[in-house]
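Colleague: Dock chain to chain to rebuild the complex, using the hints, since each chain is given by itself in its own frame.
Those protein sequence lines, which keep their order, are chains A and B. Residues 88 to 282, numbered by the numbering used here, are exactly what the first sequence covers, in order. Residues 616 to 1180, numbered by the numbering used here, are exactly what the second sequence covers, in order.
For the record, the hints were derived by calculation from the structure and aren't laboratory data. Just so we're clear, the structure is a prediction, and the values are computed from it rather than from any experiment. By construction, the Cβ of each residue, glycine as well, lies at the ideal position given by its N, Cα and C atoms. It cannot be assumed that every hint is accurate.
Stated by the list, open to error - Computed footprint of chain A on chain B; a stretch qualifies when at least three of its residues, placed anywhere within it, have a C-beta under 8 Å from a C-beta of chain A: (1) 715-725; (2) 736-743; (3) 904-911; (4) 983-997; (5) 1008-1016; (6) 1026-1038; (7) 1123-1135.
Said to hold, decoys possible - Among chain B residues calculated to face chain A with C-beta under 10 Å, some are: (8) N689; (9) H822; (10) T830; (11) S917; (12) A1046; (13) A1049; (14) T1142; (15) G1155; (16) A1156.
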Amino acid sequence: MALAFWRNLRLAVTLFVILGLGYSLLLVGIGQEFFPYQAQGSLMVEKGQVVGSSLIGQEFSVPGLFHSRPSATVNAATGRPEPYNADNSSGSNLGPTSPALLKEIRTNMAFQRGQVTGPMPGNLVESSASGLDPEITLQAALAQVPAIARQTGIARGVLRNLVLNQAQGPFLGLYGPWRVNVLKLNLAVRQIEGR
Amino acid sequence: MTWQGLLGDALLLVVVTLAAVPVGRYMYNVFEGDRSLLDRVMGPLERGIFRLAGIDESQGMDWRSYAIAFLLSNLAMAVVVYLILMFQQDLPFNPARLGPVAPTTIFNTVASFVTNTNWQVYSPEQTLSNLSEFALQFLQFATPAAGLVVAIAFVRGFVAGRRDLGNYYRDLVRALTRIFLPIAFIAAIALIATGVPDTLSGSVIAHTITGATQTIARAPAAGFEAIKQLGTNGGGIFNVNSAHPFENPGPLSNLIEEFLMALLPTSLVFTFGHYIKNRRQAWIIFGVTMSLMVVLLLVIYSAEAAGNPLVHRLLGVAGPNWEGKDTRFGISGSSLFTTLTTAYTTGAVNTMHDSLTPLGGLVPLFEMMLNTVFGGKGAGLLNILMFFIISVFVTGLMVGRTPELFGKKIEVREVTAAAAAMLVHPFIILAATALALSTAAGRAGIFNPGFHGISEVVYAYASSAANNGSAFAGLGASSPFYAISTGIVILLGRYLSMLLLLYIAGSLLAKKTVPASTGTLRTDTWTFGWIYLGIVLIVGALTFFPVLALGPIAEQLAMLAGRVF
Chain A
88 MALAFWRNLR
98 LAVTLFVILG
108 LGYSLLLVGI
118 GQEFFPYQAQ
128 GSLMVEKGQV
138 VGSSLIGQEF
148 SVPGLFHSRP
158 SATVNAATGR
168 PEPYNADNSS
178 GSNLGPTSPA
188 LLKEIRTNMA
198 FQRGQVTGPM
208 PGNLVESSAS
218 GLDPEITLQA
228 ALAQVPAIAR
238 QTGIARGVLR
248 NLVLNQAQGP
258 FLGLYGPWRV
268 NVLKLNLAVR
278 QIEGR
Chain B
616 MTWQGLLGDA
626 LLLVVVTLAA
636 VPVGRYMYNV
646 FEGDRSLLDR
656 VMGPLERGIF
666 RLAGIDESQG
676 MDWRSYAIAF
686 LLSNLAMAVV
696 VYLILMFQQD
706 LPFNPARLGP
716 VAPTTIFNTV
726 ASFVTNTNWQ
736 VYSPEQTLSN
746 LSEFALQFLQ
756 FATPAAGLVV
766 AIAFVRGFVA
776 GRRDLGNYYR
786 DLVRALTRIF
796 LPIAFIAAIA
806 LIATGVPDTL
816 SGSVIAHTIT
826 GATQTIARAP
836 AAGFEAIKQL
846 GTNGGGIFNV
856 NSAHPFENPG
866 PLSNLIEEFL
876 MALLPTSLVF
886 TFGHYIKNRR
896 QAWIIFGVTM
906 SLMVVLLLVI
916 YSAEAAGNPL
926 VHRLLGVAGP
936 NWEGKDTRFG
946 ISGSSLFTTL
956 TTAYTTGAVN
966 TMHDSLTPLG
976 GLVPLFEMML
986 NTVFGGKGAG
996 LLNILMFFII
1006 SVFVTGLMVG
1016 RTPELFGKKI
1026 EVREVTAAAA
1036 AMLVHPFIIL
1046 AATALALSTA
1056 AGRAGIFNPG
1066 FHGISEVVYA
1076 YASSAANNGS
1086 AFAGLGASSP
1096 FYAISTGIVI
1106 LLGRYLSMLL
1116 LLYIAGSLLA
1126 KKTVPASTGT
1136 LRTDTWTFGW
1146 IYLGIVLIVG
1156 ALTFFPVLAL
1166 GPIAEQLAML
1176 AGRVF
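Excised from the complex, chain B in its bound form (with noise of 0.2 Å):
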């Protein structure tokens, strides 16, 4: 580690912050605003959007109409990009004039994009179209929208006196007319200026000074770059993904893509700030979150920093774990960027995490089994409000209170739902790298040999259920097995926690507030931060360590001790 690595990191979670707030209310303006300065820009759009696709968005919805909306646009689209992907060699755009895209391919990659996780299992620069790439940026576009505002949803079941949750289709155009569409746009022109390309050009041949030829592929990239990484979406339009320096072309480009996937779930806690009336509760959110994410950079930067014994010993001097990390990050560039994007949820990698020490690879994977630091956009907030409902249960009963939260009260129905869904996410991800484990399909599919073959199998599903998209891509992840046993935790991650969380704020929307009374527990206060905290950590601690304990921390055992596998 180096003071300039740690300053430099520092630095650019100050200025996070620093945009954080007010964009934090400018979202929550979006959302219960009536009026902007977009207005005259958006305004005719977004009637022109409601007209084509003939839609009512003034009507407000309670939480069954909400999710209703939610799944079927969902699965519109899903179909849309379905039928682009399939036909891809009959469409234009194809100036590689790539072929057939694999069916089970298809089903994963509409799977993972249609849900924010973007696992991509197929290498781009040989797989798909142009034409294809649009229709996953639309989506990379419309899930993380779709997202946030099922938090947005989630969120008003607390606001006092209101009798509906919103319309989706206001909330989903809006939210992509004034949030995401700008952002996207001017982000999209900085990358070009630092050397991302943007050309339908396809690749070109360059005859080297040495005598060879080398095939350099390109793509409209920069457009595709800019929302993956604002849409916390992360799938490439190159294999490597943001390693690639066609993506990802030096330490500035670096830190434009840190800031845009750290930018609105960030915010978005702010923007509850709003929602509830109280900015103390917001910043106390952030706090805590903020310091869990600090302790876990540390843990990466120091053990890539200190690198790996077993090659120090062959070198015959020590240095940092250059394997799988391009020169142009350096080590603190690489390390930000692995514990952001799993953090935020974002799967975008600029290094090869299959390739970090195991510690540092315990950093990513850990997040990702937490999915409370931060978060995607709209889950993140929608796992901490969960914990933070199961925080005032677990210290309600210590203290012999009636849970509340934020006025409402919390009772048996809302605990019953929260403790659901906080219990499907380790579910799915541990049954999954049970089955895969003890199958010889999936055991096929390990790449590297040992610990670490466990560390890679339960670093795709906790991917897959967090809607990270980021992996060890050791993994075989193509074959059958994976495409499919991915899927389906992916869209488990992505609906069944969302829907039981609607439920609980259509049940919430129906309780009086109740004004805080001295017998009220209060949540905006450290202590809470810190037992809220606690909780999710006991939580994450529990029912992770013993494969935490057979991966990671085994392997990182074994390199210490120097042996191999």
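Next up, chain A with everything else stripped away, as it sits in the complex (with noise of 0.2 Å):
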């Protein structure tokens, strides 16, 4: 049985050599070597700088850019609320009852309210599943339009059709909603602005 056990161990340690490191180095070269941009993680470089990921969303709440999802994620060292904190991923895990749930939406609509006209949309009170949703629903862009031009002084037309320049429509025409990136459409405002 000794013997047997130090075979199999011997098959562990092959084998872990091979799933574990070869398979996996060779796939971090390769990805380097054809998918440089994706497999770094899709970052946006402005100026030089990077400004953040295409795939990870942000938080903004300061006026004139479109606001993101609410984030449930926090910060692991305190464990005190940190929206979009992309190096702890979490979501509220809030049950369909709890009276906490029905808290959180009722701050994130007076958070909202001022920048929704109209009735105000689910997406963009409930919280992610991931806390890093990169992107709202075509509605919930829309729905800020109003308030961005107001903030902003750009044109509601203006900024309406950059909203729907940028939204992308489900894949195939059937997985996934009609949606905008947040971060790149607050890049584009900002360019209009000549920031």
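Modeller: Here's what the structure looks like:
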């Protein structure tokens, strides 16, 4: 039995070297060679500086920029809320009949109220799964256009076209809703402002 | 629900089915065929592995040797990974300079990954180095392969004229080199192309346009993600798993991941058809199982699309349940992923299951309780065939015939072992749930109040026993109470039933095959298929109905009545 276990140990180490190390390092190499942008995390660079990843959402709470969805991420050390902490992804995990869920949504509605014209889109007040959702629904973006126009002085029609140009439809017409990447949208708003 | 959503989900299931038929035949060839195209590439690799390990892979094994080899190899793998996790702070590939891992976390994590469960009590970004992730990734290859070959050995018990169950090591290594490695490798490259990062450079700091900084954790994620789904493992390299935009950047990656997790367990049903030389039987198993899964998909999709009336009252307008869902998958993509991940016992999540509507959350919970809706690598088919034995026994009693299954007589020994295996699953779930709910340490972990808290606890043990790994993640699963108790349930859920089924295989192997006669109760008819499904549901409903009534069903009624807790 001891000999049999020793052989199994050798098998396990051999398989770890092939399936743990070899496979991973080969793929890292292929990624860097053929898909460097994706393999590095789809980083967006402006004026030589990394301003974020096109896949990772950010918090935008200053006037003149489109708001992202609520994020339930926290600071890993203190446990205090730190929205869009991309080093500690997390959802709210609040259940459907929890009073904390309804309280959270009320707080989020108060935050979004000045930003939204018309009925409040659920997408903008209910927390995402990852806490890092880079997108909002098209409807949630269009609802923010009048407020952004007021705050920036950019014409509503211009902003509306901007949103519609940036909007992404369902994949193959079937998968995923119409949606807008908030970081890309806000970069475009800043560009119009000449900043 | 939208017609696009329904059509999209249906299309994926059709694609899975179309792929499963040829892949099922291919898997049969891997284990029983002599030659294949991969011989030239993989032959030398396989011989090298056996030489380094000093293992003779040519000897056929009886059920005892097969079971011992399975257990010893699992133990050896656990030891290797245990050591790597224990000393990660002193080992290379640790760009974030992460410190030691807590001992209870190591125990739970090794138990969880060596059993193909991938229940996670830690936050990966904050806990594990790249090397530790590579060690877990090795288990994500090896353990589904081990589960798969136990199922293959079991099925060989029905094959007429066989004298042994095959050689465990030959089966294991061939499953790895010819099934898991090539498919995962191609899938990983496809995932990188869709935006899944694959880098050893650690996190990057972004300076945002509002003047803030954002630390963005990165990882060698694509290779991990591919085998995580293909092996129905489910353990994420980021905390929120496949909801993280780096693990699952968009609808296309979501489809690739859904396809990967469904592919092999569905194919295995057809592989089984080749073994017993009865493809009609395979289609009947496929048909009834797929019907059940589609019904459950419609339940969760409609519940999530209808949303939460308590929230609608606040918003002043109705809408879907967006809490715990990322925008890019939409409601249909979130619902299908959730249905598949618990049907195939992957346990990856692209949606926070704790935040599903009660009826929506009932679907993944119920699938793990049944544990036969295709199920995980090997374990799923084993459970299906276990219920087949129970079904021929029950129907045999009803019509007064000696039960037979695929030409082998089913007698006292087989029925006793199958019944024991059948009872293990509900027993460990319900006993552990009762223990947790009746102790302060167990109740302390509950995050959401009221009926939902009961769902959280039973979900944790159902997920552990089914070797699934998804969670109602609000539960404080990292406390010693849950880390240890879920670890034990995971180990019992994996090994008890597998050993009992190998025992049955050994017993069947020794029996002569009796030719079918007019007195034989045929199992390859739709009538029998629906009877089988009925027995699965009756056993599932009877044992689990009380706890489902206290958890999700009560909460759904409360939600509709406008009550909060």
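Colleague: Interface hint check: S917 of chain B, Cβ to nearest Cβ on chain A, cutoff 10 Å. Holds or violated?
Modeller: 15 Å, violated
Colleague: Does the nearest C-beta of chain A fall within a distance shorter than 10 Å of the C-beta of N689 of chain B?
Modeller: 9 Å, holds
Colleague: Report holds or violated for chain A covering the stretch 736-743 of chain B, Cβ cut-off 8 Å, minimum 3 residues.
Modeller: holds (count 3)
Colleague: At least three residues with a C-beta closer than 8 Å to a C-beta of chain A: is that true for the stretch 1123-1135 of chain B?
Modeller: violated (count 0)
Colleague: Would you say the stretch 904-911 of chain B counts as covered by chain A, given the rule of at least 3 residues with C-beta under 8 Å?
Modeller: Since three or more residues must qualify, the claim that chain A covers the stretch 904-911 of chain B is violated, with 0 doing so at under 8 Å.
Colleague: Verify the interface restraint on H822 of chain B: the C-beta must sit less than 10 Å from at least one C-beta of chain A.
Modeller: 5 Å, holds
Colleague: Checking hints one by one. Is T830 of chain B an interface residue toward chain A, by the C-beta closer than 10 Å rule?
Modeller: T830 of chain B check passes; min Cβ-Cβ to chain A is 4 Å, inside 10 Å.
Colleague: Using Cβ atoms only, decide whether A1156 of chain B comes closer than 10 Å to chain A, and label the hint accordingly.
Modeller: 23 Å, violated
Colleague: Do at least three Cβ atoms from the stretch 1008-1016 of chain B come closer than 8 Å to Cβ atoms of chain A?
Modeller: n = 0 at 8 Å, threshold three: violated.
Colleague: Is the listed coverage of the stretch 1026-1038 of chain B by chain A valid when you require three or more residues with a beta carbon under 8 Å from a beta carbon of that chain?
Modeller: violated (count 0)
Colleague: Taking a Cβ-Cβ distance under 8 Å as contact, does the stretch 715-725 of chain B have three or more residues in contact with chain A?
Modeller: Coverage by chain A is violated here, the residue count being 0 at a Cβ distance below 8 Å.
Colleague: Counting residues of the stretch 983-997 of chain B whose CB is closer than 8 Å to a CB in chain A, do you get three or more?
Modeller: violated (count 0)
Taken one by one, the earlier hints fail for this structure at numbers 1, 3, 4, 5, 6, 7, 11, 12, 13, 14, 15 and 16, listed in ascending order.
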